[in-house]
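Asks: One-letter residues, chain by chain:
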Amino acid sequence: MDAELAASGDASAFERLYRTHVGRIHSLVRRMLNDQDPDEVAQDVFVRAWQKLGTFRGEAAFGTWLHRLAINVILGQRERLGIHRRRYHEDDAMLETVAGRRAPVEMTMDFEAAIELLPDGARQVFVLHDVEGYRHEEIADMLGLAAGTSKSQLHRARMTLRRHLDR
Amino acid sequence: MSDQWTERLSEYLDGELQDEERAGLDAHLRDCAECAAVLADLKRVAIRARALTDREPAADLWPGIAADIGATTPSTGVPAARRGGHPGRQWSFTMPELAAAGIALMVLSGGAAWWLHPSARTNVGVAAKPPAPAIVAPASSRTRPRGYDGAVSDLERVLAEGRGRLDTATVRVLERNLAAIDSAIAQAQRAVAADSANVYLNSHLADTRRRKLELLRQAANLVTAVS
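Chains as they are written, first to last, in this note's numbering: chain A, 3 to 169; chain B, -17 to 209.
Check before you lean on any hint, since a few could be wrong.
[Unchecked claim] Computed far set for chain A versus chain B, every beta-carbon distance over 10 angstroms:
#: 1; residue: T57
#: 2; residue: F64
#: 3; residue: L71
#: 4; residue: D143
#: 5; residue: A148
#: 6; residue: T151
#: 7; residue: S154
#: 8; residue: L156
[Said to hold, decoys possible] Restraint ranges, calculated between C-beta atoms of paired labels, are given here:
#: 9; chain 1: A; residue 1: E81; chain 2: B; residue 2: A175; range: 31 to 37 angstroms
#: 10; chain 1: A; residue 1: S14; chain 2: B; residue 2: A161; range: 18 to 24 angstroms
#: 11; chain 1: A; residue 1: A148; chain 2: B; residue 2: Q(-14); range: 17 to 23 angstroms
#: 12; chain 1: B; residue 1: A9; chain 2: A; residue 2: A115; range: 21 to 27 angstroms
#: 13; chain 1: A; residue 1: M3; chain 2: B; residue 2: A175; range: 34 to 40 angstroms
#: 14; chain 1: A; residue 1: A148; chain 2: B; residue 2: D164; range: 47 to 53 angstroms
#: 15; chain 1: B; residue 1: A19; chain 2: A; residue 2: K54; range: 46 to 52 angstroms
#: 16; chain 1: A; residue 1: G65; chain 2: B; residue 2: T206; range: 42 to 48 angstroms
Honestly, the hints are just simulated from the structure, not real lab data. Source: prediction; values computed, not measured. Glycine included, C-beta positions come from ideal geometry on N, C-alpha and C.
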């Protein structure tokens, strides 16, 4: 098993793990932190994974463990950048404005691009809930907000994104 | 459409309403076509989100990771060893190497921004570069249409002719990044071939091609700079 080999210091095994998981991790970083260089953060995730492989017990799949580690690194970036709880509330007004506009057909954009345009709070809740499958209680715990705020952010994000669905 | 109910549609969709609220919204949906349409849209959004495909980075991150974790020690040949703290870089770079690495980083991180700015797209030069350090291109290329393939071909020729003037490590960095982009283009082409109507895939392919063009332009400028 590559995770065990990597934990024993086998860099080749770790490279295989990197090749297997880099797409998922890079996409997660890109969607969650769209104003930063995703390459740099994704690289940091793998470096930290290497350093923490000794704590991987094998009870969960390596991909699950790595994904959760990536979330922690991303949230650490949020803290470092000072994205605080109040940001979720400050985003509300902007989100209402964006959601209230119906995009003309010619302005219909790629769904990924539309996600990137969401305010930070709504985007992160949307990615964690609808893309990654976390529950509101887990998201609230991760992001340090009330579950009700997570629900309202998700609803607003969906209401915005429905205007960018392919018709 | 009722704001009272519209605000609860996501919770309804996710099965998070209490029985009484759900029954109330069920009844409302039977009479409100607009709310029913919004609910259908929200469901499509959720389905679309789950169907998003992951994309690999345009450039391979492994060399940087390997350097950070000490997996490669080219100067000593010492086997990989894990370090405890946050590791520093082990490589030392020549100036041209740093320039090449910087170019790659700029292209890969700035590609999207470059594409989003029409003023930058209309100029074959690099955004924020000083006025017109012209790319050295064969005279023949100036007289024929500047399609993508032609532009790439011209720039590759410039690079091939000038590579001898670049530090070998610089060439290695450039070639590694070009190979990564070529690989990404090949993947995107295969995806488009399988789903030619997919707007996202076509956009991704075009974006990846633009990144290659931009990297080649920067490389050609580097050749010019060291000439």
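Asks: Since T57/A was said not to touch the interface, does its Cβ keep a gap of more than 10 angstroms from each Cβ of chain B?
Replies: At about 13 angstroms from chain B, T57/A clears the 10 angstroms cut-off, so the statement holds.
Asks: So the hint says 21 to 27 angstroms: do the beta-carbon atoms of A9/B and A115/A match that?
Replies: violated (38 angstroms)
Asks: Does the no-contact call for T151/A survive, Cβ to all of chain B over 10 angstroms?
Replies: Nearest chain B Cβ is 13 angstroms from T151/A, so the label holds.
Asks: Using the beta carbons of E81/A and A175/B, state whether their distance is inside 31 to 37 angstroms or not.
Replies: violated (43 angstroms)
Asks: Just want to verify: A148/A was marked as not at the interface with chain B; is every Cβ pair farther apart than 10 angstroms?
Replies: holds (14 angstroms)
Asks: Per the hint of 34 to 40 angstroms, is the separation of the Cβ atoms of M3/A and A175/B within bounds?
Replies: holds (35 angstroms)
Asks: How does the Cβ-Cβ distance of A148/A and D164/B compare with 47 to 53 angstroms: does it lie in that range?
Replies: holds (48 angstroms)
Asks: Could one say that the CB atoms of A148/A and Q(-14)/B fall in the range 17 to 23 angstroms?
Replies: Check passed, 21 angstroms falls within 17 to 23 angstroms.
Asks: Looking at F64/A again, its CB stays over 10 angstroms from all of chain B?
Replies: With a cut-off of 10 angstroms, F64/A remains clear of chain B, as the shortest Cβ separation is near 16 angstroms.
Asks: Taking the CB of A19/B and the CB of K54/A, does the distance hold inside 46 to 52 angstroms?
Replies: holds (47 angstroms)
Asks: A cut-off of 10 angstroms on Cβ-Cβ distance, and L71/A was said to be off the interface with chain B. Does that hold?
Replies: Consistent with the label, L71/A stays out of reach of chain B, its closest Cβ about 14 angstroms off (over 10 angstroms).
Asks: With respect to the beta-carbon atoms only, verify the hint that G65/A and T206/B lie 42 to 48 angstroms apart.
Replies: holds (46 angstroms)
Hint compliance for this structure: hints 7, 8, 9 and 12 are not met, and every other hint is.
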